[in-house]
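S.K.: As a plain string of letters, each chain reads:
2 protein chains.
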Amino acid sequence: MSQFLPTAPYRGTRDFLPAEMSVRTQVFERLYEVIERYGYQRYDGPILEPVEIYEAKSSREIVEQQLYTLTDRGDRRLALRPEMTPSVARIIAGNAGRLQFPVRWYSHPNCHRYERPQRGRVREHWQVNVDVFGSDSAACEIEFFELIHDLMAAVGATPDMWVLRVNDRVLLDAMLTGVVGIAPDAVRDVAGLVDRWEKYPADKLAEDAAAIGLTDKQFDRLGEVLTGGRAVLDEIPAEVRERSKLVQVMDSAAGELVRFDPLIVRGFDYYTSTVFEVFDNHPDNRRSLFGGGRYDNLVGLYSAQRIPGFGFGMGDVTLFDFLGTHSLLSEPRAEIDAVVIATEAELADPARTVAKGLRGAGVRTSTPLDIRKLGKEIQRADRSGARVVVIVGGNDWAAGTVTVRDLRTGDQHQVTPADVPARVRDLLELGPGTA
Amino acid sequence: MSQFLPTAPYRGTRDFLPAEMSVRTQVFERLYEVIERYGYQRYDGPILEPVEIYEAKSSREIVEQQLYTLTDRGDRRLALRPEMTPSVARIIAGNAGRLQFPVRWYSHPNCHRYERPQRGRVREHWQVNVDVFGSDSAACEIEFFELIHDLMAAVGATPDMWVLRVNDRVLLDAMLTGVVGIAPDAVRDVAGLVDRWEKYPADKLAEDAAAIGLTDKQFDRLGEVLTGGRAVLDEIPAEVRERSKLVQVMDSAAGELVRFDPLIVRGFDYYTSTVFEVFDNHPDNRRSLFGGGRYDNLVGLYSAQRIPGFGFGMGDVTLFDFLGTHSLLSEPRAEIDAVVIATEAELADPARTVAKGLRGAGVRTSTPLDIRKLGKEIQRADRSGARVVVIVGGNDWAAGTVTVRDLRTGDQHQVTPADVPARVRDLLELGPGTA
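From first to last, the protein sequence lines are chains L and F.
The first sequence runs 1 to 435 under this note's numbering.
The second sequence runs 1 to 435 under this note's numbering.
Mixed in with the good hints, there may be bad ones.
Copies of the same chain look alike in the list, so a pair counts if it works inside one copy or between any two.
What the hints assert, rightly or not - Simulated crosslink set (DSBU-like; lysine-lysine; CA at most 30 angstroms straight-line):
id, residue 1, residue 2
1, 376, 199
2, 356, 204
3, 245, 199
4, 57, 245
5, 199, 373
6, 376, 245
7, 245, 373
8, 245, 356
9, 356, 199
10, 356, 373
No wet-lab data here; the hints were simulated from the structure.
Isolated chain L (complex conformation):
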């Protein structure tokens, strides 16, 4: 055994070094900006939550297999949140009296699930959550579908790259019972089968269908319904269809934003009607990027007040897989804009003063911590992406000037310390004035 502790992060979790973090930050800031333009406000909550809030209405898979749990010194059973929706429902219920509904909120929490690490799956991920509370209107659906189109455009995705597949669990229930002829008490199991439809081979699906009591005829009919698109809606009673907000949306101008798809179920127990998933169209990455839906009864676990919810959670892992697959990841930002180099230890104080002036003008500026050969120090500055070096040297300094060198062109000029910020901003194309 090594005398040293291992340096790898815990299995399924990730270290984000600055180059990667810079790319992530750029992407998430674009998402935040779009979300805020729709009037959503950021909130946050704790990563530790009572286990009970997941046991009540989450998914069996998460609670039984994927929850990280611990017991604190006060014997409270806690979980690392596996998702944000139960937390936000709790917070909304606890503060309902002082909120003006509808409430539009977003967050960007880290969430944990004990999964087997593989492409698209890790144990700690960062998930942008966007939710609206307190409206039953189909305008929620439309707002979210528009928002998703804007979010995808903001990260550089064109509409051919992805598709927004939508369904309504109430319609699905009507399809399963009314059209396929499934007994009401088998609907939940069959919905689970539908959720696995695209992931499992046909023989495995047939086997599972038989195990939950479907006849061969029902299984065949189920396959037709699930892959037949909108046609099945005509076989559903008009009063069920007309109550569906999703049908209202599909019949409006916003219908072009989505594709109706009976295969969309979503794994969480709390969804009550509209459900949706954004899928990657790329042949190398045909999978769900993120999804959400309407959950009318989740806040009801905490409060007698009826507060319907609608929202989605967009995880970073699948999003960045998508961006990578489509070559949409931008370059990391340069480490630094300018480096101020003193040629000798005695000039370290003046160099720091020059650096201070640059920082005050909004220029990201470092000074070397140790005195090295000037040539080496300029090379280091260049490698770290600096556009400019400012050299504070003996004779120049005595004459009241420093050297500003443009590392892209090699041009250099003597300027007075007071003129350095304006000159450097000019080279960085930052425009005049302080930041």
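For chain L, the structure is supplied; the task is to place chain F on it using the hints.
M.R.: Frame of chain L, contents of chain F only:
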């Protein structure tokens, strides 16, 4: 028992509603900006870490009493990170081969400690961490002291509100052994006593001192040394004093940034020489806001390569207590800039189109999800902080216009939908052009 689940967050953790989150975001973005201007780059790491990385060189109190631990399904012993320094040392060691030292990094992780919740202490806090790795130069000390002054100025604090107290553990050891006459094997216990000096009453300190073997005379001498400021340095051998980076800094122009104070120890075992703490000067909040220091051997737990570190962690709880005490907290941002209201359901589509145009121009814009009375809707917009409402109404719309109303003045104008973005940007004083 209630039929409902409790809505309070887990004891010692916090929900951040949008108004509070907005204030936090403003403060932290100012901090990030200052830190980035010094050339620090953001990184991130997992919240779950192997327990071993804390057992090696953290603080006994944290490991024995404050760590949240769990065992995963693969029998790995994990902890919710109580602080970031062991994680960043691990990451630096694991990536040292591809880094150009010195490395300047910062992060903003959530950290957990099982503490008894009280003023300034919670169980989950958010901590801005700033570290430099790979330099032994006293220029690290100077850079951090300057950075701290800039950070405090950025959140609105004037120099009279706080003080940066500094010490050097090597000097402290020399004071304790050489000046007070304490046996080398008792130094660690006495350092613990020094750390408690300002928190405990005199009789409790005397009792503790006796328990660890100090004579009355040593205890009295210790008290003189700890409260006597810089004078004690003259009693320390010149070769020890001259090796101290802190003494070099205090003898330079940067000396004015700090106050030498033998009482500063810091609780972590990994600090090796310079240690510092920022203290609030306000009589209602005399306490440490944050601190840090030099840790030359922590990366050495992971790697044979010697990589000294220097850094600090600034927790949100003490920072916001400070800002609140000094009335430095800014107002939350308005929820929204503009609200586009359709007077009847049939005009919802045109209203959404107008909203889309505003969002494209960088204006945070919402549309009501349900149709209510116009007067009520305008009141709601006003309450949510909107400056402008745009009314899409029947006759106007038929005539090709909408109404733009300034909620501050009550002025309103008919404009064509195409002119709405420019008109609204004008009212919001955002200047011409799109964002």
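S.K.: State for each hint whether it applies.
M.R.: Checked hints:
no., hint, in the structure
1, 376 to 199, "neither (56 angstroms within a copy, 49 angstroms between copies)"
2, 356 to 204, "neither (67 angstroms within a copy, 46 angstroms between copies)"
3, 245 to 199, "within (28 angstroms within a copy, 62 angstroms between copies)"
4, 57 to 245, "within (23 angstroms within a copy, 58 angstroms between copies)"
5, 199 to 373, "neither (60 angstroms within a copy, 49 angstroms between copies)"
6, 376 to 245, "between (66 angstroms within a copy, 25 angstroms between copies)"
7, 245 to 373, "between (70 angstroms within a copy, 23 angstroms between copies)"
8, 245 to 356, "between (58 angstroms within a copy, 22 angstroms between copies)"
9, 356 to 199, "neither (58 angstroms within a copy, 37 angstroms between copies)"
10, 356 to 373, "within (23 angstroms within a copy, 56 angstroms between copies)"
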